[in-house]
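Novice: Residue numbers (this note's numbering), protein chains in the order written: chain H, 1 to 400; chain P, 1001 to 1400.
Among the hints, a few may not be true.
To be verified - For lysine-lysine, the following BS3-like pairs were computed, each having C-alpha atoms within a straight-line distance of at most 30 Å:
{"#": "1", "chain 1": "P", "residue 1": "K1386", "chain 2": "H", "residue 2": "K218"}
{"#": "2", "chain 1": "H", "residue 1": "K29", "chain 2": "P", "residue 2": "K1218"}
{"#": "3", "chain 1": "P", "residue 1": "K1218", "chain 2": "H", "residue 2": "K386"}
As the list claims (entries may be wrong) - Not close to chain H: a few residues of chain P, all C-beta gaps over 10 Å, as computed:
{"#": "4", "residue": "H1113"}
{"#": "5", "residue": "P1298"}
{"#": "6", "residue": "R1361"}
Worth flagging that the hints you see were computed from the coordinates, not collected in a lab. Nothing here was measured: the structure is a model prediction, and the numbers come from that model. Where a beta carbon is used, it is the ideal one built from N, C-alpha and C, also for glycine.
Number of protein chains: 2
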Amino acid sequence: MHHASEILLTLFLVFVAAQVGAEIAQRLKLPGVVGEIAAGCVIGPSLLGWISPDQTLPGTPLDVLAEIGVVLLLFSVGLETRLEDLKKVGKVAFLVGVLGVLIPFAMGGAWAHGSGFAWSNALFIAAAFVATSAGITARVLQELGALQRVESKVILGAAVIDDILAMLLLGVVVSLQEGQGFEPFKLLAVLGSAIGFIVLVGLGGARVMRWNSGWLEKPHSAHSPLAIVLAICLGLAWLSTLLGLAAIIGAFLAGMIASETRQQHTLETQTQPLLALLTPFFFVITGSKIDLAQLASPEAAWTLAIVTVIAIVSKFAGGWLGSLALGRNAAAIVGFGMVPRGEVGVVVASLGLAAGVFSDRIYAIIVAMSLLTAMVTPPVLAWMLKRYPAGGTVNPPAGG
Amino acid sequence: MHHASEILLTLFLVFVAAQVGAEIAQRLKLPGVVGEIAAGCVIGPSLLGWISPDQTLPGTPLDVLAEIGVVLLLFSVGLETRLEDLKKVGKVAFLVGVLGVLIPFAMGGAWAHGSGFAWSNALFIAAAFVATSAGITARVLQELGALQRVESKVILGAAVIDDILAMLLLGVVVSLQEGQGFEPFKLLAVLGSAIGFIVLVGLGGARVMRWNSGWLEKPHSAHSPLAIVLAICLGLAWLSTLLGLAAIIGAFLAGMIASETRQQHTLETQTQPLLALLTPFFFVITGSKIDLAQLASPEAAWTLAIVTVIAIVSKFAGGWLGSLALGRNAAAIVGFGMVPRGEVGVVVASLGLAAGVFSDRIYAIIVAMSLLTAMVTPPVLAWMLKRYPAGGTVNPPAGG
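This is chain H alone, in the form it adopts within the complex:
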């Protein structure tokens, strides 16, 4: 009984902190997600200590709830995304994805090498500059009702490309470490299977659902279409991780497939309570990982500032250059939408720490950078989206 008591208290505290944080943020005209991340920082080990670092390690209940939360979030974003719309922005999204990986990788590597790291280690650090965390941007776009804007489609499409490339880069830099063999054919196989998975599931699944979704209502269960679609979501999230992609890619694909069904509207309504319960865990736990003590020394704070600026500028540059065809304003939104690293940067940093490539200090700085980019993005993006109204339809170029 005692154990149940402890975990229920933690769930209660995390959930209430998220609500309070979101409420304060919204009263300050900021996106709610900023408040949820800040609430996590406040109740986390850095300040109040209501959540300990042990409680959010991979595989703990809070970590799993957070994972389910972000999986459901990207599922719901997928539900609002039509394959047709993504296809229309395909070329721009591809360019954004590629440039948004190459520029941060180059700038991050240059900085790390310039700071005294050997090239093999510098490239590992550079890999932590690369991967965009779509969750944070997606939540802001959803909160502001902007998911139908052309910039949103580009960002979501680019996030998929970004994730594939980031996974490949990580494979390369890991193999460049001592004791690891560089296996180009293996990497090509990984690339092929990831692309094959996305194309097959995305195109094939969407076609099946568009053709006939009556079978979703065949089962006797009262929750029938929702339960089947959630099962598909969990299954594709798992398959994604199996292929080395982020779980949220599979969840997004599942949502996109489900958006082709005629039950799409009901599913969207039914997904909302799931988001209300579970996504707060993701954002609060993300925030709880910000280690404020690392900012205490002026030197560390200075390094963090430089790293964060490089991370923001390089990603923005990639997204902006890639989407200039949409006009400058839209390109700025796309560029900033790609900025947050969130939990993906944290994962790469953890791998680097485990591999002995990162010192504790550089680890803490990379984690703080990942989360700072996540904190900075929502208010800036919200401001941009209001300042530059939608250019109309999802047909690029939308003018500038």
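Based on the hints, put chain P in the right spot on chain H.
Specialist: Same frame as chain H, but now just chain P:
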């Protein structure tokens, strides 16, 4: 990444197994919950081994998801329960609760002592015969749309009384073990605080909500009334465990309070997707704990059969005698509705094992008994509810 992959696969397997099990059960005209428990038994360690026993220990992600699932289930049952209705059946429910604890305790103790256990140990074993698990019955009543029947109100009211008494009895039997002092004043304090909590929260909360629930809509959040009510649910579930009660008592109270708000109908609709996602974890994991290997020897099977029959007959007798005022048919439904021990019996057995009172064999038998009663109840209860139509309103006596 690898860890995330593993847990996502488990979530996927558990969720799909629940859907398949429920579907098969419903096609066989059985309640879906039977199929979910059976699915857990099939994918659990006894048969397929897709879930290992380690994965469902207290505090693991699956255990926490199961706990959240059953908390939400009782919350949703509370949402369909008016305090006024419970008050009307108060006396009958009290009698059912008291007799439903005393008779199983006496019969269980007599059997254990007769089987050669010293009285102090026999009474501990007897305590495992006592506590009803409201989750399973509640789910059957909900599935069959029978929550508004007078028998359902009696069962739910009695389950609250039952839980208080079971907690006290457990306190007594633990204190009777060697090395523990028997402290009647401490037990009285425990009893007082549990009753005080329930009365204060139930009556006070319902009054506040009936008086004004407009404040639930004050926050800016899109999920506002639901999120606040879920926070209350988690908070009361935690407080319950703090006072030694089951978490589901607090969740039920939270639902009952929320049923007094004018947003009750919306909340009910919004809770459904949460149940669809999370309750399967509770039932599948309950089922996965059935250790079929223990039934392999004829002797163990025979003991299990006797224990299970005693457990069913004694609980049925208590419920039946207590609610005879409602008529024989209604009393039969109430009696059988109180039969499932489910996870509560498992918890008592685990305590007994940890305290060195239970051998591995008696532990396995008590666990199997708890789960067998959980398996047997749904089909019998469903059959009874169909055979004996509702006696009309919630006003007892409803005739017979």
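Novice: Indicate, hint by hint, whether the structure satisfies it.
Specialist: Cross-check of the supplied hints:
{"no.": "1", "hint": "P/K1386 <-> H/K218", "verdict": "24 Å, holds"}
{"no.": "2", "hint": "H/K29 <-> P/K1218", "verdict": "16 Å, holds"}
{"no.": "3", "hint": "P/K1218 <-> H/K386", "verdict": "24 Å, holds"}
{"no.": "4", "hint": "H1113", "verdict": "27 Å, holds"}
{"no.": "5", "hint": "P1298", "verdict": "35 Å, holds"}
{"no.": "6", "hint": "R1361", "verdict": "24 Å, holds"}
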